[in-house]
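A.B. asks: Residue numbers (my numbering), protein chains in the order written: chain U, 1 to 285; chain C, 1 to 235.
It is worth saying that the hints were derived from the structure and are not from the lab. As the structure is a prediction and not an experimental result, all values here were calculated from the model. Beta carbons are placed, not taken as given, at the ideal position from N, Cα and C, and that holds for glycine. Worth double-checking, as some hints may not be accurate.
Stated by the list, open to error - Below, a sample of chain C positions facing chain U; criterion: calculated Cβ distance under 8 Å:
(1) Glu-93
(2) Gln-96
(3) Trp-100
(4) Lys-170
(5) Leu-189
(6) Asn-191
(7) Ile-195
(8) Ser-196
(9) Leu-198
(10) Leu-200
(11) Ile-204
(12) Ile-210
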Amino acid sequence: MVHRTMAYKITKKNVNDAINLEKRFDGRGLFDQRPVEIEFGVSNKAEGSVRVRMGKTEVLCGIKMATAEPYTDHEAEGTMMTSVELLPLASPDFEYGAPSIQSVETARIIDRGIRESGFVDFEKLCIKEGEKVWSVFIDLAVINDDGNLIDAGALAAILALMTAKFPVYDEKADKIEFGEFTDKKLPLDKSKLPLTVSFFKSGEKVFIDPTREEEATTKGRLTFEISKPEKDEMINAMQKGGEVTFTTDEIETMIAEATKIFKKLKTLVDESLDKAEKENKKKKD
Amino acid sequence: MAEKGSYTKRIDGRSFDALRPISAKVGVVPNADGSAMFSQGDTIAIAAVYGPKTLHPKNQQNPEKGVLRVHYNMLSFSVGERIRPGVSRRSQEISQVTEWALTPVVMLEELPGTVIDIHINIIQANAGTRCAGINAAAMALAHAGIPMKEMVSAVAIGKMDQTIVSDVTKEEEDYKEGEAATDIPMAYLSNSKKISLLQLDGRIQAKRLIEALDAGKKACQKIYEIQKKVLKESE
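Here chain U stands alone, though its shape is the one from the complex (with noise of 0.2 Å):
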């Protein structure tokens, strides 16, 4: 997998152990989270912005919109592009040059949940059919690398795209005015919100939110990105990664503890954005 620190391979005996004991070295349980930190509007020149700490993971995350020709099989569609950087400040791990495999495979499975569960309204995304319609840029930064990027980096996009506003534009001379901001924003169904979850097995216990030293001793995991539209939950994305098995029981209990988990999820989301609407409130009054 990813080239990791030597130092991990003399701890990682000791890791494995403490998982397989149910006992984490900060004292978690196997299905405890982080605690997560939200701060939004971190970037005033982003249509959207926000900055997720899960323990000492940090990821960015920017909107950034454009005007563009749609795709020729969806002329009245708008577009979405995501994209992760694994910037070398994040990680003595990290390495300038081209996108690496961790950071194409991250982005695109972030990108996935996002647009299977039609979370995003593309067709309102549309300027005029055939001829132009708004992309929407998700761009990812990692700031820190304690673990668990793709889940701190989806709850960072769906939140950045829940708060992002579109820019004025001029339709006719086709102009963004960048830093104007409308009081619009993006098209989304909140009954839709994907939210992403991801279990990691080290011997035969599966467990969440690892800090990078636990990711370390993994053999791989199994993320899960689900929203729930009406009673149902549901899976709207799946990925295994990692030179690990799962059989179909361990599945079984990885879906129940996932449901759990999206209420929690859903709670802090729900209750980060209405803290952000009441301070926002605060200083327009």
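Fit chain C to the known structure of chain U by using the hints.
C.D. replies: Leaving out everything else, chain C in the frame of chain U:
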């Protein structure tokens, strides 16, 4: 098997759990140490294995075990609108998940310091290309005499509206009615009963997912029998 829903009959007339006609052959690339062709309906994949050979540059060598490298590529003319030749984000991801699907069965600890290169090319595409690629690659590894714990078989399971089907076609992938199409490519190790590739996009309830995985296992077992038969006959 058919649940209530709009997809009551498959577009190509197959029963819901039927695979498309399969054809497989080994030794299709004489220069390679092992090779195989695997086709499922209109989808045709060829795979060639080179190695084990010494890994260069040396600093990439692993003194504990060998390295498996998978390169998945769709030929530019294999689909409707031409694909720009070369590596794409999609092909990089598929190469990576294919590598992860095959690694668990290859006894890499027997081959320290070496690399095994697997080159998969899709000649003609009608959905399920990563699965056909895995089926071909697993056979090519066996054909090359690489020490393996068992075979790997792969299939794409789909849910069209409410109906679970095996070995999805492109037309089915584009199904739009009801809950539309969900695509679940999976790879299965028939002997140890483990899943080594699992991806999904679409919308499916938890209960139905388990049902889909069971359909996948059955389909993979059928594929496994064909892989075994072809490999035995080639000896």
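A.B. asks: Each hint needs a verdict: does it hold in this structure or not?
C.D. replies: To see whether the hints hold, each was checked on the structure:
no.	hint	in the structure
1	Glu-93	holds, 5 Å
2	Gln-96	holds, 5 Å
3	Trp-100	holds, 6 Å
4	Lys-170	violated, 13 Å
5	Leu-189	holds, 7 Å
6	Asn-191	violated, 12 Å
7	Ile-195	holds, 5 Å
8	Ser-196	holds, 5 Å
9	Leu-198	holds, 4 Å
10	Leu-200	holds, 4 Å
11	Ile-204	holds, 5 Å
12	Ile-210	holds, 6 Å
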